[in-house]
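Novice: Chains as they are written, first to last, in numbering that gives the first Met the number 0: chain E, 0 to 508; chain S, 0 to 508.
The hints are simulated quantities; they were obtained by calculation from the structure and are not laboratory data. Ideal placement from N, C-alpha and C gives every residue a C-beta, glycine not left out.
Some, not all, of what chain S presents toward chain E, calculated at C-beta under 8 Å:
(1) Gly174
(2) His264
(3) Trp291
(4) Ser323
(5) Cys325
(6) His397
There are 2 protein chains.
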Amino acid sequence: MRSENKEPARQDVFDRIFHPGSIAIIGVSSKGNVFGSGIFNALVAIGYEGSIYGVNPKGGEYCGRKLYRSVQEIPEPIDFAIIAVPAEHVPKALEDCRLKGAAGAEILSSGFSELGTPEGLRLEREIRDICSRGIRVVGPNCFGIYCPRSGLTLLPGPDLSRESGPVGFVSQSGGMSIDFAHIGKWMGVGLSKVVSFGNGADLRETELLSYLGNDPETKVIAMYIEGVEDGARFFSVLKDVAAKKPVIINKGGLSESGSRAVASHTASMGGSSRIWQAVMSQSGAIQVGDLWEMAEVCHAFSLLPERAYRNITVAGGGGALGVSACDTAERYGLGIPMLDPAISEKILDFLPKPGSSAKNPIDAANPYVSPQAYREIFLHAAQDPRVDLQILVLLLHHYKPLAMGFGIDFVKDIAPYREMAEMASEVSAKTGKPLMLVLPNFRQGMDSLDIEELIRDTRSAFLSRGIPVFNDLVSALRALSHVAGYYAQRSPGGILKKSVDPISAILPA
Amino acid sequence: MRSENKEPARQDVFDRIFHPGSIAIIGVSSKGNVFGSGIFNALVAIGYEGSIYGVNPKGGEYCGRKLYRSVQEIPEPIDFAIIAVPAEHVPKALEDCRLKGAAGAEILSSGFSELGTPEGLRLEREIRDICSRGIRVVGPNCFGIYCPRSGLTLLPGPDLSRESGPVGFVSQSGGMSIDFAHIGKWMGVGLSKVVSFGNGADLRETELLSYLGNDPETKVIAMYIEGVEDGARFFSVLKDVAAKKPVIINKGGLSESGSRAVASHTASMGGSSRIWQAVMSQSGAIQVGDLWEMAEVCHAFSLLPERAYRNITVAGGGGALGVSACDTAERYGLGIPMLDPAISEKILDFLPKPGSSAKNPIDAANPYVSPQAYREIFLHAAQDPRVDLQILVLLLHHYKPLAMGFGIDFVKDIAPYREMAEMASEVSAKTGKPLMLVLPNFRQGMDSLDIEELIRDTRSAFLSRGIPVFNDLVSALRALSHVAGYYAQRSPGGILKKSVDPISAILPA
Numbered sequence: 000m001r002s003e004n005k006e007p008a009r010q011d012v013f014d015r016i017f018h019p020g021s022i023a024i025i026g027v028s029s030k031g032n033v034f035g036s037g038i039f040n041a042l043v044a045i046g047y048e049g050s051i052y053g054v055n056p057k058g059g060e061y062c063g064r065k066l067y068r069s070v071q072e073i074p075e076p077i078d079f080a081i082i083a084v085p086a087e088h089v090p091k092a093l094e095d096c097r098l099k100g101a102a103g104a105e106i107l108s109s110g111f112s113e114l115g116t117p118e119g120l121r122l123e124r125e126i127r128d129i130c131s132r133g134i135r136v137v138g139p140n141c142f143g144i145y146c147p148r149s150g151l152t153l154l155p156g157p158d159l160s161r162e163s164g165p166v167g168f169v170s171q172s173g174g175m176s177i178d179f180a181h182i183g184k185w186m187g188v189g190l191s192k193v194v195s196f197g198n199g200a201d202l203r204e205t206e207l208l209s210y211l212g213n214d215p216e217t218k219v220i221a222m223y224i225e226g227v228e229d230g231a232r233f234f235s236v237l238k239d240v241a242a243k244k245p246v247i248i249n250k251g252g253l254s255e256s257g258s259r260a261v262a263s264h265t266a267s268m269g270g271s272s273r274i275w276q277a278v279m280s281q282s283g284a285i286q287v288g289d290l291w292e293m294a295e296v297c298h299a300f301s302l303l304p305e306r307a308y309r310n311i312t313v314a315g316g317g318g319a320l321g322v323s324a325c326d327t328a329e330r331y332g333l334g335i336p337m338l339d340p341a342i343s344e345k346i347l348d349f350l351p352k353p354g355s356s357a358k359n360p361i362d363a364a365n366p367y368v369s370p371q372a373y374r375e376i377f378l379h380a381a382q383d384p385r386v387d388l389q390i391l392v393l394l395l396h397h398y399k400p401l402a403m404g405f406g407i408d409f410v411k412d413i414a415p416y417r418e419m420a421e422m423a424s425e426v427s428a429k430t431g432k433p434l435m436l437v438l439p440n441f442r443q444g445m446d447s448l449d450i451e452e453l454i455r456d457t458r459s460a461f462l463s464r465g466i467p468v469f470n471d472l473v474s475a476l477r478a479l480s481h482v483a484g485y486y487a488q489r490s491p492g493g494i495l496k497k498s499v500d501p502i503s504a505i506l507p508a
Numbered sequence: 000m001r002s003e004n005k006e007p008a009r010q011d012v013f014d015r016i017f018h019p020g021s022i023a024i025i026g027v028s029s030k031g032n033v034f035g036s037g038i039f040n041a042l043v044a045i046g047y048e049g050s051i052y053g054v055n056p057k058g059g060e061y062c063g064r065k066l067y068r069s070v071q072e073i074p075e076p077i078d079f080a081i082i083a084v085p086a087e088h089v090p091k092a093l094e095d096c097r098l099k100g101a102a103g104a105e106i107l108s109s110g111f112s113e114l115g116t117p118e119g120l121r122l123e124r125e126i127r128d129i130c131s132r133g134i135r136v137v138g139p140n141c142f143g144i145y146c147p148r149s150g151l152t153l154l155p156g157p158d159l160s161r162e163s164g165p166v167g168f169v170s171q172s173g174g175m176s177i178d179f180a181h182i183g184k185w186m187g188v189g190l191s192k193v194v195s196f197g198n199g200a201d202l203r204e205t206e207l208l209s210y211l212g213n214d215p216e217t218k219v220i221a222m223y224i225e226g227v228e229d230g231a232r233f234f235s236v237l238k239d240v241a242a243k244k245p246v247i248i249n250k251g252g253l254s255e256s257g258s259r260a261v262a263s264h265t266a267s268m269g270g271s272s273r274i275w276q277a278v279m280s281q282s283g284a285i286q287v288g289d290l291w292e293m294a295e296v297c298h299a300f301s302l303l304p305e306r307a308y309r310n311i312t313v314a315g316g317g318g319a320l321g322v323s324a325c326d327t328a329e330r331y332g333l334g335i336p337m338l339d340p341a342i343s344e345k346i347l348d349f350l351p352k353p354g355s356s357a358k359n360p361i362d363a364a365n366p367y368v369s370p371q372a373y374r375e376i377f378l379h380a381a382q383d384p385r386v387d388l389q390i391l392v393l394l395l396h397h398y399k400p401l402a403m404g405f406g407i408d409f410v411k412d413i414a415p416y417r418e419m420a421e422m423a424s425e426v427s428a429k430t431g432k433p434l435m436l437v438l439p440n441f442r443q444g445m446d447s448l449d450i451e452e453l454i455r456d457t458r459s460a461f462l463s464r465g466i467p468v469f470n471d472l473v474s475a476l477r478a479l480s481h482v483a484g485y486y487a488q489r490s491p492g493g494i495l496k497k498s499v500d501p502i503s504a505i506l507p508a
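Isolated chain E (complex conformation) (with noise of 0.2 Å):
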């Protein structure tokens, strides 16, 4: 389609675009009531530290800062701009960034080619050549960029984390964007870079991923892509990344209706299904459902260490939960062995009786069993060789009657919440072989708010120390999976070192 912009962009316009030294934006209303001054108090709020320059052709002041009535009434240089006027007035808008020296801008605006009108489609044309002019644009329609390090944020991202992380995310919708940043937040996926990139006038998947592939900052990539502009290149790409990072990948629109749906979102052709698969499986991209599991196998990413995991342990929990687990791991092609029934006796001492099964999965059969004694039981079990990983299913809302019954008001008074994250990186360092908690929620009424702050402390203390948290097994299992599986095809024999198909024939071109 278009290649007059598609060199791939120099480090120093990407390095001026995430890192901004200025920004003007487009848009500012002293009255503070649109988009423009919204994110003017967000980047305020999130400690940004370069200089911010808001511009609205009445002039005047908002939050106590001067209004410039043009771009080139700004008295110093800018790096980035950031456009939320209506979509008429935005290629002049631009224009004056180009002129200016901006490296980039982002177009927040709506109103372009997803509405299919005559009218949005011809602007956004306007867009593209002003780009192939010399700016770089992330959107039109889009939330924009979060970059923790740089404080960019994204529109309605005035709390977002400043902490840097391993995991870069590139969006085609603002609003899975966000709710990624704020889920990564809680769930632990440290992020390095979130692009929203909306209907991709000019920067879109392929170059951002690209780019994502060759940045340092970023070990773990995640993708969500409604539709993509140019199949070939993206598959070839896609290829070399996936080689060197794991890429995770949520496809929307595959489903005939859905297909419809990305037409209104971001203007996008949906694609096929069968088309899809292929590419995932001969990349070695990672494809994943929805938004939670997308962030439920980047955190699984970014914390576990690189190997092709094959047998665990499932230890906590109660009978149910173990048989659970050895189903759904069956299902994930991941196995629960028996443990070598030495190591099973040598468990059983630390367990209550009856009720309890050392064997695995380790039926502790009561919830309160002690932080000491699930150290001598992880301690053992990963004594078997077979054992790659180890799983800790903790049952906090005992405690709750626990505590009913001593007369003490908290529960996070009882529960050795803090003791448990101790033992678990304890275990992990020692043994060698990581250690994940599951950390369901079963009551969430509203006489349970204790509960879920115990939980939300529980998973901070064992997240602090770099041991995964999941709020269910299924989750937590099935994340695991996507880890083992792309490591086991880089390993010798793996699938990728099969031939594959010329999946370039089937694409569009």
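Chain S: place on chain E using the hints.
Specialist: Below, chain S without anything else, positioned relative to chain E:
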């Protein structure tokens, strides 16, 4: 196998078991440090209105009440007994209860066939022998019976709900029974009876299913099964009951390691996956993968009118959520049809512009669309004759930055959740087409307990008006598809009208 005690119990026997006027608890310690004392406390806490008699050979007192040295010493007849003494003392205790004239007993103790030891097997045989002389037993190795109407409760269940509902649950696992009861309390799964039957020495899956099938209080039946004692008989009863009421089954132990785990858990045989698939599809029962899915499906069945739902609308959320809704709906056999253009045009009047879409999915493009606007949107959409049901997706966490922006401290003060619930109730009633709510929470960090509280209040507001609520769209559509499938089978031309293979032939004897 055994047949001597397999006549269906008389209704008056079950009445005395589920609604006992007096209960003996064998194994209450004056020190309070045993299971028997725990269940004593739980019955008092939940407000069981009948007489409770604690038994301990040493006598003494517990919580100001006399402990009897033997069952015989109890001055009143007893209807039901709870036995929580070490396994070797169980047969004697049970025989005492039989002689005292109790209709039934639950044996909480473990240490029987699940150990696989000759001693465990022998003790369980003794229990069966006593049963054959005229007392019905739930257990051993179980958490007992929960009946909100009578105030019987499970082992760690002092704070379960006393509100009776339409769902009966029969569970081979104690953990599953208590977890289900807790989930039901906040998710909106009203329970009629829960029976955790553990090893199932006497009463077990088939007879309990048959009982709930005839129980007028029970409209929906859920089961967690690890192993079936008499496959052919179970299939025959299941077919009869599933023709009258939805029966939702989670079968544990279908994998190789899972089958081994059920042997240690409840001494059951796991059974083959192929047979189970056939049993499920030919009986018209509904197979679910885990506890969460089971609860969600029961929730949907208990609140939705009995219809073969096919096409739905999805409104709210955002563009990517709409795309995901379409892809997911198609996976579950549901449709999200493009609305009649005349209807879409009317809906567009109530949506923010630009960025929204009124075609279905209805992308509000903004999380702050008012209840008044949603009212009009859903009333218009319902006029499309293809629409069977409507789904509202509320992303309430977006009210937090809004509240921050307005300087409002409590996010609950700004989110119109009661008005939304009122709107949903009005729309359902006016259109005759049910509405469901999806309420995801992307912000579960330590700084967002206020959002969690808002979400729980919102859930309550909708549930109290009979509107089903789900945590995410995938769960909502999956549950809806089970309801739709069940009633579609029952409609003229449904698959249950087709001839059925003689499955009994492939079931184990």
